[in-house]
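Novice: The lines below spell out each chain.
Number of protein chains: 2
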Amino acid sequence: MRDVAVIGIGQTPIGEHWDTGIRHLAFHALKAATEDAGIEKPDALFVANMMAERLSDQAHLGALIADFAGWRGIEAATVEAACASGGAAFQQAVRAVGSGMIDVAAVVGVEKMTDLTGAAVNSGLATASDADYEQVHGVTFVALNALLMQRYMHEYGVGHDAFAAFPINAHRNAVNNPNAMFQKAITLDAYRKAPMIAPPINLMDSSPICDGAAAAIVVPLEMARSLGRTPIRVLASTNAIDCLALHDRRDLLTLDAALISASKAFEQAAITRGDVDFFEVHDAFSIMAALSLESSGFAEPGCAPEMAQEGAFDLGGELPIATMGGLKARGHPVGATGVYEIVDVVTQLRGDAGANQVKDAEIGMTQNIGGTGATVVTHLFSNN
Amino acid sequence: MRDVAVIGIGQTPIGEHWDTGIRHLAFHALKAATEDAGIEKPDALFVANMMAERLSDQAHLGALIADFAGWRGIEAATVEAACASGGAAFQQAVRAVGSGMIDVAAVVGVEKMTDLTGAAVNSGLATASDADYEQVHGVTFVALNALLMQRYMHEYGVGHDAFAAFPINAHRNAVNNPNAMFQKAITLDAYRKAPMIAPPINLMDSSPICDGAAAAIVVPLEMARSLGRTPIRVLASTNAIDCLALHDRRDLLTLDAALISASKAFEQAAITRGDVDFFEVHDAFSIMAALSLESSGFAEPGCAPEMAQEGAFDLGGELPIATMGGLKARGHPVGATGVYEIVDVVTQLRGDAGANQVKDAEIGMTQNIGGTGATVVTHLFSNN
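Chains as they are written, first to last, in the numbering used here: chain A, 1 to 384; chain B, 1 to 384.
Incorrect hints may appear among the rest.
The list treats identical chains as one, so a pair stands whether inside a single copy or across any two.
As the list claims (entries may be wrong) - Calculated pairs, SDA-like style, for lysine to any residue (alpha carbon to alpha carbon, straight line, at most 20 Å):
#, residue 1, residue 2
1, Lys41, Lys264
2, Lys359, Gly316
3, Lys264, Asp43
Honestly, the hints are just simulated from the structure, not real lab data.
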């Protein structure tokens, strides 16, 4: 496979976009990305989306968005892997360009979740879990994560307060991100007082329902250089699956898919965990951040919350995470999230992260998790 | 890109599978395909599906099906492009293997449409069209195709009877396909007497609502040869888009996406139209078969129905189409259809089509159409 690189990124602010349709949201992100890349038109468009068919009565987003962008005749398709759709779509773009069949690929992740009631959105989110063995019992997606968090606290003797450092760090980083949904820091006291959603997950343990779109332009590394753009090289692109239903997991507190996906990524990139300068973690819930860090080998089992409390994952720590606010505070428009993570990594590796810049960042990692860990997509990027 | 080939195929009979869940349906097709290929486990699974999220409350089919097949740890994702999902998913598998990142890729197309009421299925199918500009007027997916057929009949002065040859040919071919939904021939009289669905589309102009799954195993050509399997080589894989909404088309009676997709495929394969020995056409409606043939250059505008009447597209004709029954009679489980087309082509190119064998077939073509022509995926295959 030939080497590929990202040469353009774009995003919309994350929030409630009641006056913007799904095609328009996607278009805004794509327009910014193509302008950033200095290209007119890609050869292919990969759309990442999970719920438009249910929430907007709209499937077939590939053609819809490509046409709206003025790109008739190019190729397009949608890629879905629940909340890991963004990472999975980006992976297809990497292969399309890497294979030599496509020169310029655009990826756009888009999700519009705020036009309907909470019940409709919760039913939609539940489709990421097992319809026959989980949904049938009425368990929501938050509740599944709550079961994991409860088990974690029980198994490792960790208290609820220990998780506070994850949302506190995410919110602190979001303050400087104009595209973040919550540009506001929170305190430990606010964390403690947050209303309970599904015990032990409270409002501050949980990412928000929101709308947003993020885009990236992928080209061969050689082309990036000849265009005079700063290429952010894709070092690794891996995807691994586990069972959807929690009761079937080998070990409830190990995300095997994260373990495999991360290990393969380090192998593909020929680097070690220690070479990663920062990590855009999938902190859809505080517990998911902890499990992702531990299963990817950045923390011993049961130790991620303590490391977070000690500042290991802060901007100045040994492995900054959620550097632009993460899913918790930047926001989590589910199908778009994997692409937002990539946009954040590229921003950092270009040195464009302003007050949130990770110093001397050379290698960044993203991990995009579908369901409660059934699909895990890992990417590694480098600026040299 | 390295050359790739199909070395295994599998399918379930198409029909009403009320006692079989979506994961089970997909598994049956995958099991047959892996056994046919002589492999235990693929490295990646690409699922083609359009409506499970609405009709079965189940997204995240990649991980669900891969896990159910016993393949934890492999990579998986779902690809969607409305009724062209099958072709689009197969294309990602071709690139994944072609890029060198994946050695053995499995593709499974699966759709389960018969568990719900017709209204729910029609609403689901409508998501292939433009929600803001078409669905909002209450126009169903059949009605959109009916508008095209009406325009065709008006523009070219073609009567309704002229289209009969398409379903008559499809049903005749389905008689010998044990996996076809309708293994029964029909007469011109039956065509004329068929109940009207959306004028001028009658029951015989329209493919059925049904369940089914089809699978294919893709590997590098070299590996296929070393495994001692008969490789069916992928000569070309192209995808092109047009606008979803009919009112925005350059010309209502030309499927620009088919024109582009087919032209690029011939170029990629370095062959001419005349080299194609048979064509698995997307005859979701009689009018779609005509438009696909004409836009791909196999018939002059307005002439496909007449050619069909003259037998040009019969098994013994100059370009056999729908050789195993097509969408009309074999069946059209939407997200699975593109993979069924590929299964049919491989069957023919292996010389396994029995009574329906196209003589001396060396090059076969599939065209998988999403919506009313907004996404068109074309593949060319060869047995040498």
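Novice: It remains to establish, for every hint, whether it holds in the given structure.
Specialist: Results of checking the hints against the structure:
1. Lys41 <-> Lys264: between (33 Å within a copy, 18 Å between copies)
2. Lys359 <-> Gly316: Intra 8 Å, inter 71 Å, cutoff 20 Å: intra-copy only.
3. Lys264 <-> Asp43: between (29 Å within a copy, 13 Å between copies)
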